[in-house]
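A.B. asks: Okay, here's what each chain looks like letter by letter:
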Amino acid sequence: MSPASSRTPFATFRDQYAELMRSAFLVDLQYRASIAIWLIWGVTEPIISLGIWWSIAAGGAVDGYTREDFARYFFGVALVNQATLSWDAWNIDRWIREGEMNHRLTRPIAPIHEAIADNVAYKTPTATIILTMWIIASLFWPAVRIPFEPGRWSLAIIAIVLAAAIRFLNGYATGLLAFWTTRATALVELQFGLSLFLSGRIAPLSLLPPRVAHVAEYLWFPYVLSFPVEILTGAVTTSEQYLRGFAGQAIWLAIWLALYLVVWTRGRRHYGAVGG
Amino acid sequence: MTRFTRAMIVLRAFWQLNWLEELQYRGNFVASLLGTIFWLVMAMLTVSLFFRHTPQLGGWGYWDVVVLLGIFNALAGVVETVLRPGIGHLPTDVRSGALDLVLVRPVDAQFYVSFRRLDVWRLADVMLGLAVSGYAFVQTGRAISAWELLAFAVTFAVAIAVVYAIWVTLMSLAFWFVAVENMAALFDAVFEAARYPVSAYPGALRFLFVYLIPIAWTTTIPASALTGRLNPALATWAAAVGVAALGASRVLWRVALKRYTSAGG
Numbered sequence: 001m002s003p004a005s006s007r008t009p010f011a012t013f014r015d016q017y018a019e020l021m022r023s024a025f026l027v028d029l030q031y032r033a034s035i036a037i038w039l040i041w042g043v044t045e046p047i048i049s050l051g052i053w054w055s056i057a058a059g060g061a062v063d064g065y066t067r068e069d070f071a072r073y074f075f076g077v078a079l080v081n082q083a084t085l086s087w088d089a090w091n092i093d094r095w096i097r098e099g100e101m102n103h104r105l106t107r108p109i110a111p112i113h114e115a116i117a118d119n120v121a122y123k124t125p126t127a128t129i130i131l132t133m134w135i136i137a138s139l140f141w142p143a144v145r146i147p148f149e150p151g152r153w154s155l156a157i158i159a160i161v162l163a164a165a166i167r168f169l170n171g172y173a174t175g176l177l178a179f180w181t182t183r184a185t186a187l188v189e190l191q192f193g194l195s196l197f198l199s200g201r202i203a204p205l206s207l208l209p210p211r212v213a214h215v216a217e218y219l220w221f222p223y224v225l226s227f228p229v230e231i232l233t234g235a236v237t238t239s240e241q242y243l244r245g246f247a248g249q250a251i252w253l254a255i256w257l258a259l260y261l262v263v264w265t266r267g268r269r270h271y272g273a274v275g276g
Numbered sequence: 001m002t003r004f005t006r007a008m009i010v011l012r013a014f015w016q017l018n019w020l021e022e023l024q025y026r027g028n029f030v031a032s033l034l035g036t037i038f039w040l041v042m043a044m045l046t047v048s049l050f051f052r053h054t055p056q057l058g059g060w061g062y063w064d065v066v067v068l069l070g071i072f073n074a075l076a077g078v079v080e081t082v083l084r085p086g087i088g089h090l091p092t093d094v095r096s097g098a099l100d101l102v103l104v105r106p107v108d109a110q111f112y113v114s115f116r117r118l119d120v121w122r123l124a125d126v127m128l129g130l131a132v133s134g135y136a137f138v139q140t141g142r143a144i145s146a147w148e149l150l151a152f153a154v155t156f157a158v159a160i161a162v163v164y165a166i167w168v169t170l171m172s173l174a175f176w177f178v179a180v181e182n183m184a185a186l187f188d189a190v191f192e193a194a195r196y197p198v199s200a201y202p203g204a205l206r207f208l209f210v211y212l213i214p215i216a217w218t219t220t221i222p223a224s225a226l227t228g229r230l231n232p233a234l235a236t237w238a239a240a241v242g243v244a245a246l247g248a249s250r251v252l253w254r255v256a257l258k259r260y261t262s263a264g265g
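Protein chains in written order, with my numbering: chain Z, 1 to 276; chain E, 1 to 265.
No lab work stands behind these hints: they were computed from the structure. There could be a bad hint or two in this list.
Claimed, not checked - Selected chain Z positions facing chain E (Cβ under 10 Å, derived; list incomplete): (1) 51; (2) 55; (3) 129.
Said to hold, decoys possible - Covered, in the sense of this in silico footprint (three residues per stretch, anywhere, with C-beta under 8 Å from a C-beta of chain E), are these stretches of chain Z: (4) 24-35; (5) 207-215.
Unchecked claim - Label pairs and their computed distance ranges (CB to CB): (6) 55(E) - 262(Z): 29 to 35 Å; (7) 243(Z) - 246(E): 16 to 22 Å; (8) 179(E) - 141(Z): 31 to 37 Å; (9) 147(E) - 59(Z): 33 to 39 Å; (10) 247(E) - 125(Z): 55 to 61 Å; (11) 94(Z) - 11(E): 31 to 37 Å; (12) 261(E) - 254(Z): 29 to 35 Å; (13) 141(Z) - 149(E): 30 to 36 Å; (14) 59(Z) - 98(E): 35 to 41 Å; (15) 51(E) - 124(Z): 53 to 59 Å.
Computed from a predicted structure; not experimentally measured. C-beta atoms are modelled at their ideal positions from N, C-alpha and C, and glycine is treated no differently.
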C-alpha cells in the first residue's frame, strides 16, 4: 500500500491546501510591484469619493454625516473592499478561453480551491497593508480614528470574512458562465457598476434615494461592503441591526454557494461535451 | 518624400488593415457601445447623487459637471481607441523582445508604437462623450462664442497631448521595471479623479492633480472653455502645458530607449 492511502482524506486535503497557498503566496511575491499598483488602484476610488464628500460637507453635516464620518467611512471602504474584492471571473474566462481549464480539471482538487488559496494568499497581506496605513494615518489625523472596542472589531472581522466569501462565490459563479458565453466578465462588470451604489462604494447607503436603498436591502450588495464597513465605523449599533446584517450575510452566502454548485456541475458537463 | 508624408502613408496602411480586421468582430461594437452607455449612466447617477446633497460641486452646477463628464468620456475613448492598444502594449513588447522588430523598421519607433493600432469601435465612446457634453451644454442655456469654441478645440487637443504624455511616461517605465505589467492600471486609477472639476477636491488633492499628476488639465480646462470659466491667460498656460508635456515625453522616450537591450540582454 502506498503511504498516502493510510492518511485521512482531511489530512490530504489540508496538505493540498497548504501547498496551493504557499505557491500562490510565492507567485504574489514575484509580482510585488504589480501588487503595489493594484493597491493604489484599489484605494483611489474611496479617496476620490472622500475628497468630493469632504468638500460637500464643508458647510456642515450632510444628512447627519460630518466630514469626519465620511473620512472614517471611506477608510473603512478601502479596507473592506481590498479584503473582499473579486477578480476570479477574469481568471476563469482566461482558463476556459485558452484551455488552461483542462489541466485543472484533471487535478484531484476542484479549481475553486486554487482560487480560494489565491484569494487568501493575496488578500491577507494586502488588506494588512491597508490596515497599517489606516493606523499610521490615524496617528496624524484624528478624523479617521475609530473607538477601541474589541467586541465590535471582532464582529467586524467575522462580517468581513463572510463578505469576502459571498463576493468570491458571486464572482466565481458568474465567471463560470464562461462555460456557455464569452461575455461572462461583462456580467461581473455590470454587478460591479451597480455595486457602486448598492454596496455603498460611492456613498453610505443612507445617503441614497430611499427607494434605491430599499431595493439594495433585497440583494446581496449591502452585505458584502456596507454592512462590515458600518460595523467598523460604529453606524451599526442595535442588536437588531446586527441580527439583520448577519442573517442577510448567511442567506446570501447559502444562495451563492448553491448557485456555484449548480453552475459548476452543469458547466463542467457542458464543457466536456464541447471538447468531446 | 518628407518624413511626415511617409509617416502618414504608413499610418493609413496600418489603420486600413485594422479596420478590415475589426470589421470581422462587429458583435464587439454592440457590446462595447452598451458597456460605454452603462458606465456613462452610472457616472451621471453618481453626479446626481452628489447633487442631491449639494447645489454645486467646487463652484460648478449640475449641467456644468455633466459637460465635464462628457469630455472625460471622450478622452477615455481616445485612450481606448489608440493609446491602450498601441503604447499600452509597450511593456509586453519590451519583456518579450518584440520591440526589436519595431526598432529595425524605417519609421520613428515612438510614432509606430504609439499609433500602430486603432480600435475603431471605441471611437463611438468619443462621439458619445462629446454628444453628452453638447447636450449638457444646451441645458446650461449658455450661448457660445467663436472664441470659446476655438478655446475648447485647443484645450481639448492639449488634453489629448497631456493624456498621451502620461501614457508615454508610464509605459516608458517598462524599460526600467520589466516585471511590472499593469502600469496601465495606474493611469486608470488616477484618471478616475478627472471625472470631477478639480475645484471640487480639497486643497492637497487639488495640488496633486494640477502639478504632480497633471490630470486637471485634461478635463477641467476644456470644460471650463465650454462653461465660461476660461480666461485667455489660463488658455495660454494650457497650451504651454500641452507642448511641454509632449516635449517631455519625447525626451523620456529617448532616454528610456537607450536602456533597451532586447529580451535576455
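A.B. asks: Give a verdict on every hint.
C.D. replies: Evaluated hints:
Here the hint on residue 51(Z) is kept, as its CB sits about 5 Å from the closest CB of chain E, short of 10 Å. Interface hint status for residue 55(Z): upheld, as the beta-carbon distance to the closest one in chain E is roughly 5 Å, under 10 Å. The interface hint given for residue 129(Z) is broken, as the beta carbon of that residue sits about 16 Å from the closest beta carbon of chain E, more than 10 Å. Coverage of the region 24-35 of chain Z by chain E holds [criterion: at least 3 residues with CB-CB distance below 8 Å; count 4].
For a cut-off of 8 Å, the count of residues in the region 207-215 of chain Z with a CB near a CB of chain E stands at 3, and the three-residue condition holds. Taking 29 to 35 Å as the suggested C-beta distance range, the pair residue 55(E) and residue 262(Z) does not conform, at roughly 49 Å. A beta carbon spacing of about 60 Å between residue 243(Z) and residue 246(E) contradicts the range 16 to 22 Å that was offered as a hint. Residue 179(E) and residue 141(Z) have their C-beta atoms about 34 Å apart, which keeps the hinted 31 to 37 Å range intact.
Evaluation of the 33 to 39 Å hint for residue 147(E) and residue 59(Z) yields a pass: the beta carbon distance comes to about 35 Å. For the hinted restraint 55 to 61 Å between residue 247(E) and residue 125(Z), the CB-CB distance of approximately 41 Å leaves it violated. Restraint check, residue 94(Z) to residue 11(E): a C-beta distance of roughly 32 Å satisfies the suggested window 31 to 37 Å. Between residue 261(E) and residue 254(Z) the CB atoms are about 56 Å apart, so this pair departs from the stated range of 29 to 35 Å.
Between residue 141(Z) and residue 149(E) the beta carbon distance is about 45 Å. The supplied range of 30 to 36 Å is therefore violated. Taking 35 to 41 Å as the suggested C-beta distance range, the pair residue 59(Z) and residue 98(E) does not conform, at roughly 55 Å. For residue 51(E) paired with residue 124(Z), a C-beta distance near 39 Å fails the hint of 53 to 59 Å.
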